[in-house]
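Colleague: One-letter residues, chain by chain:
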Amino acid sequence: MTQATPANLDLSRCADEPIRTPGSIQPHGFMLTLSHALVVQQASANLEAWVGMPAREALGLPLAGVIGEAAATRLEPEFAAGRIGSRPTYLGIVTTGNGEHFDVLAHTWDGLLIVECEGVNRGYAADFRHLYPLIGDFLLNVNGSASIIELSELAARHVRAVTGFGRVLVYRFDTGGHGQVLAESKENGYESYLGQHFPASDVPAQARALYALSPIRLIQDANYTAAPLVPELNPVSGKRNDLSFAALRSVSPVHLQYMRNMGTLASMSVSLIVKGELWGLISCHNAGPCPVQVEKRTACEQLGQILALCIESREDATELQFRLEVRRIMVEMLGHLTKGADFLENMSGVFPDLLRFGRAGGVAIVVDDRVLTYGDTPDEPAIRDLVAWLAVQGYSDVFHTDHLKGVYPAADGMVRNASGLLALPISRIHKHYLLWFRPEVVQTIEWAGNPRGKQASANDPTQLTPRLSFDAWRETIHGRSLPWHVAEIELTIEFRSALLGIALERAEQMAELAEELGRANKELEAFSYSVSHDLRAPLRHIVGFSDLLIESAGSEDLERRQRFLKNIKDSARLAGKLVDDLLSFSQMGRAALRPAKVDMNDLVGACIDKLGIEIGQRNVDWHIERLPTIWADPAFLHLAVLNLLSNAVKFTGGRDPAVITITSEDKDGGYVFHIADNGAGFNMEYVHKLFGVFQRLHRMEDFQGTGIGLANVRRIVERHNGRVWANSVLGEGATFSFSIPKHPLS
Amino acid sequence: MLKPILLVEDNPHDLELTLIALSKSQLANEVVIARDGAEALDYLHRRGEHKERAVGNPAVVLLDLKLPKVDGLEVLREIRHTDALKSIPVCMLTSSKEEQDVVRSYELGVNAYVVKPVDFTEFLRAISDLGMFWAVLNEPPPGSRRYIKPK
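Going down the list, the sequences are from chains A and B.
Under the numbering used here, the letters of the first sequence match residues 8 to 753, in that order.
Under the numbering used here, the letters of the second sequence match residues 13 to 163, in that order.
Hints are not guaranteed to be accurate.
[Unchecked claim] With a straight-line Cα cutoff of 25 Å, these simulated SDA-like cross-link-like pairs (lysine to any residue) come out:
#1 Lys657/A - Leu27/B
#2 Lys109/B - Leu546/A
#3 Lys36/B - Val130/B
FYI, nobody ran anything at the bench for these hints, they're computed from the structure.
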């Protein structure tokens, strides 16, 4: 069996047609399959009609025995050169022994050399020269034509001019596999299909796969009688030959019937492959039979490739433009969203942008039980129900549909403004959603014939009936919105990441704030504690010693009275200093840092100058290394260093000479400074109290102080995101260290 | 032999005023002075500088709250957690009226909490009363002797 007749074709087998292995060829040429030794293995049954030798007789003969010595001599060097690949190559024209002229195409496949000879009525090789001006002209016009439709029209005109077909269509497949006619060029008298749709069933999946592989297919005459290969099976593979790439391949009888129904006896298709996928076809029809010789087919194939490339670049550009625009809106929104603290308030502030971002009619934000809407949306109860349904579906990513009613029957009542839904869950834990609604777009699709007309009739279900009518058949589609663009969905996910980023950052800020508040609170407590304790003490002393002074008015003990007076004076002075220190300490926590470049050599120098009075006549050896320039608030840092140096001077009071060493190191992305002295030191057991407010490790009369200095140092250093610590051996000296990051405030 | 009073006070002015007050109350007890919490514990534990002192606990510890190194609350805790010391009467003598300090002190088992009055006459009376109560009126834990005021 080489060809089924339409009468016994089963519809269910329509998509299972052996289109790659039809076992036969179209009869406008003949086919030979040869072994590597160029011995004929198979011949098409129409061989006799072309060269006068029955196919059976050709089997086992060398090539020359079939097509004549001259023709074989012409072809054999081509075969021997090993230039024949898996796609047909045009080898030129040969004249067989019986004086017939043939264009010869050859390719190797299935372990055989497949030679196709198409009969032509000229004795010279196909002339490709006119191909160049054609392509050149197309390319010239491509630059001026902006849109894909304009390009397609241009291609259709050129293809018709080259081939002489009556009607040339360019159509593209949509995601459902339906074809829509984008461009048309036709002779008068041909029906127009422009704008019409062809149902996906017109081109079954396997046919589509073959189109993607083999870029051009010609049916010269739909009324042809196929010529089977003799013998039927490829002797190498033991199966029917795979003729996927053969130019003469016979096509499905169903398709031939389809063509006859459509009123076209000749057809040609050129595949448009964009990004490796079958994007569409250039489809040519002619009412009567119409041969298209190899050079013209080649021209059309190349035109198709150029058109596909142009489409690819136009689509890329459009896609890019679209993405850029959506991203621009998103970035703009995010800019606004980072400003305020309240999420809902922020989001509702960018409602118009959200609408544009999703090309939507309405937007809703659902945060638990709160629903905020903008634009044309379903009412609140409906939105709540919808969210409850979404939550049950468990979409953790974006959910989108352009036909909500199809998946959520309750949407029947909101077709008008919510046929399309893009839902973005913004929390994995809570029922928080961002919803974009698109209104219904009633679409009228004009089909080339009733798309369901290809169904088998009820009376005779086993008979295939390719649809008979190609008259425009209008279908109105309800309940659908504009589909969501891939870029919109991708960017929506990106938008969520950005939102989460903002939320995370905010949480961090809150945590930081809480921490800061906690610290400030602690300090405030210490502050008020000290007011009740430390500040009260000198006042009590003043009162006490004054009373004692009054009491001893009559006494002769002058020395005692002198001491009371001195105590009063000291206490008053201490009270004053306490107030000053407390004030500066509280300011330290409040004032904003004003960072600048600080040359630590200058800063240390200035501090030492200031300590002149404290040092007086004492003998202090300063050892100061070369110090770096850092980025910090100069005034605050000055205070910190002054405190530390003043401590060093104070606690070396009993040393002669006092030795104070200042060094620095570059460590862990920051600078560390060490101030070491050979003074009294402190017991490391109490180091944890060292930097607390009003903590003292020494008796008042040994070393004066309010207990605020080191607390200040810590506060200043920590506000620079640095750290302060100390080491000591009691009686031998202490080393105070602090670090300041190189970028303290980033 | 009268038991001494242990006065723990870091501030020299407070120290002077307290000593004057104690002397005015005419208590015959010796007053041992510690200038910070660590020193007070050294005395109580008979270690460091006080290694050689005679055995025996003081009649009362007058303890300032804010002290260098080891503060009053820490001293109190240690006294109450040391078997040999935990029966010593401890009286907080402090400037702080902060509730947290009072609460913490009583939680740790202080016997009295006295806020130093600003008025010196009152201060005198407070110190005098304190000394009188703890060193004279109060029945000390078994094993100690009660002070009898000399005629």
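Colleague: Which of the stated hints cannot be reconciled with the structure, identified by number in ascending sequence?
Modeller: none
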